[in-house]
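Engineer: If you want the building blocks of each chain, they are given just below.
Protein chains: 2
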Amino acid sequence: MKKINFNAGPSALPNVVFKKSSEAIKELDGIGLSILEISHRSKKFSEIISRAKDLTLEITGLESNEYEVLFLQGGASHQYLMVASNFLNNTAGYINTGTWSEKAIAEAKFYGNVIEVASSKDKNHTYIPKDIKISCDLDYLHITSNNTIFGSQFHEFPRTDSPLIADMSSDIFSRKIDFSKFDLIYAGAQKNIGAAGVTLVIINKELLKKNKRKIPSILSYQNHIDKQSLYNTPPVFSIYTCLLNMNWILKSGGIELIEKQNIEKAKLLYNEIDNNDAFYGFVNNSDRSNMNVTFGINKNYNSEKFNEMCLKNNIHGINGHRSVGGFRVSLYNAISINSVKILVEIMQKFNKEG
Amino acid sequence: MKKINFNAGPSALPNVVFKKSSEAIKELDGIGLSILEISHRSKKFSEIISRAKDLTLEITGLESNEYEVLFLQGGASHQYLMVASNFLNNTAGYINTGTWSEKAIAEAKFYGNVIEVASSKDKNHTYIPKDIKISCDLDYLHITSNNTIFGSQFHEFPRTDSPLIADMSSDIFSRKIDFSKFDLIYAGAQKNIGAAGVTLVIINKELLKKNKRKIPSILSYQNHIDKQSLYNTPPVFSIYTCLLNMNWILKSGGIELIEKQNIEKAKLLYNEIDNNDAFYGFVNNSDRSNMNVTFGINKNYNSEKFNEMCLKNNIHGINGHRSVGGFRVSLYNAISINSVKILVEIMQKFNKEG
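Here the protein sequences come in this chain order: A and B. Start counting the first sequence at 18; every next residue gets the next number (the numbering used here). Start counting the second sequence at 18; every next residue gets the next number (the numbering used here).
None of these hints come from the bench; they were simulated from the model. Mixed in with the good hints, there may be bad ones.
It does not matter which identical chain is used: a pair holds within one copy or between any two.
[Claimed, not checked] Pairs of lysine-lysine, BS3-like flavour, derived with a Cα cap of 30 Å: (1) K277 / K150; (2) K20 / K366; (3) K227 / K147; (4) K227 / K126; (5) K329 / K366; (6) K369 / K322; (7) K329 / K19; (8) K20 / K244; (9) K120 / K222; (10) K61 / K329.
Use the sequences and the hints to build the structure in full.
Structural biologist: Next up, the structure:
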């Protein structure tokens, strides 16, 4: 029996992605080859990656004459390095909303001056800094749109005259936003895009002109664009799962409809946390993430018992990140409202019995 | 009907890898989750990656107290950068046997002095330089053990007092060699290891002590070792395919037996090239690769017709690399002797009819 999977990532994907990718390993679209053995320079893979790029633009509403789409390797952690090596000529600003921002800042410091223009560290990253004032010219301003670990999320984005760069690993494709406000967006695939092992990068062509440093080929966005993500062998299978998942997003009504469902799922769960004596949320109400819901159990309730009840009911992946503790329920696109209802019922039962 | 796939990479994998990885996407080992949705920090994935490391050591005959095994992202092209950023403190030596060596050299130049201690460029990389004299202390000597594009291969490795580093992307696990002669070995998975998207790195612990430069975390071998390849989300599925393939290698009798089969396959094909008027080999006899067999068609024969005959007989992936032309037949571990026999029969038929 399949588990209800609230993993933070790698995480649940739509059933059609599992089904079609499993079939494609046996044989891809009747071509007599497995998806695992086709050349990345074959006509078939050309079609796959080209379609995946088109769908990325379609889902985000961005224009191909303004934005380039790349499928790279190394995850967001590798983008921390690429962003800074390509665009940190003098000084960059970073908003620190948690672990991932801190890692991005640490890598950027190898390339130039970094100003932490705002930080939520004073309250253990339980809120999103607002009314940020930027007093100097920045090469770019970098944010982490959703904090997977602490469960906070930007619901409004900072206004800036500098190029805006966002790590959207854990909330891309989960909500309708104005993507054109961003000059560079990157996201590890393993939440709402596809299987782990590929990183989506969307980059404004104007920003590319600002690269002044001579850097190794493998780090250069321009190089990867020139080679259309085929500078070296790409993660063929992971890219194929992205295509399957993006097809699913569009068939499900696009991110407008998916956002509605995501809000509904999150409301249901936060409502239970707020109205159930056994639980409390970690994050300021207005900054709560609709993707990663973090919460603790009040002292007079038995945390271990809640865990056991969840396991008995086939629920998986709700332990909080090791640096935070408590619980974390990730509500990515593939999670159904029914799965959340089952969890909420257990929370209610736990309140009565716990 | 499944094609006979002589792709240079991504390339044919054993049927059991296709079968089991396809099943694991539906459900992994009866755990109620797909391989695509398990956490990289789960007990299950811990077992997978730990077993894959153990099998790497078992296949290569290396000891865990001397060598570390990593599963990283970015392919060999990313290792060009990592090797140099970690270990090129002053001067490194590179043997240039073709495109991949040249790319490695270009990236290394960002970090220090590079001496091309030998090169086969004068004869378009159709041979392997021998009797190489190294006149100065090197941080390391770097070679490409097998040239996938030109079809040449080191059958004896250079002797050096410097640490020896090899890009073995296209011939690792294909033959029995003394792996302990090497201080660092890296290989993109997509030929003889597993699905594209993961890079195997084997590194001598003594070499690690020679890293003197402070570098970004994502580039640091020591960092990845400290985090046991889980510094950030790894390519879970690709690593799983590596495990399946390494299990297959050991069940097939290990690389001693696989090497025998690989030699037999290569002999059969080279023998046909040498004895068939229609064809000629590109590479010096003594330096020919047992993995990538490159050849051309003599002028009075119709190359197009040979192509058509192959296609009609369900043979796929034999076009030469775009920078070389002609034909290239890749004989990785998963290719059966029967597939080679079918090709040889077509070559004989072509000679008579062409």
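Engineer: Look at each hint and say if it fits the structure.
Structural biologist: A quick look at each hint next to the structure:
| no. | hint | in the structure |
| --- | --- | --- |
| 1 | K277 / K150 | neither (32 Å within a copy, 69 Å between copies) |
| 2 | K20 / K366 | within (20 Å within a copy, 56 Å between copies) |
| 3 | K227 / K147 | within (28 Å within a copy, 46 Å between copies) |
| 4 | K227 / K126 | both (18 Å within a copy, 23 Å between copies) |
| 5 | K329 / K366 | within (13 Å within a copy, 65 Å between copies) |
| 6 | K369 / K322 | within (12 Å within a copy, 78 Å between copies) |
| 7 | K329 / K19 | within (13 Å within a copy, 44 Å between copies) |
| 8 | K20 / K244 | between (41 Å within a copy, 28 Å between copies) |
| 9 | K120 / K222 | both (26 Å within a copy, 26 Å between copies) |
| 10 | K61 / K329 | between (44 Å within a copy, 19 Å between copies) |
In summary, the structure is inconsistent with hint 1 from the numbered list given earlier, while agreeing with all the others.
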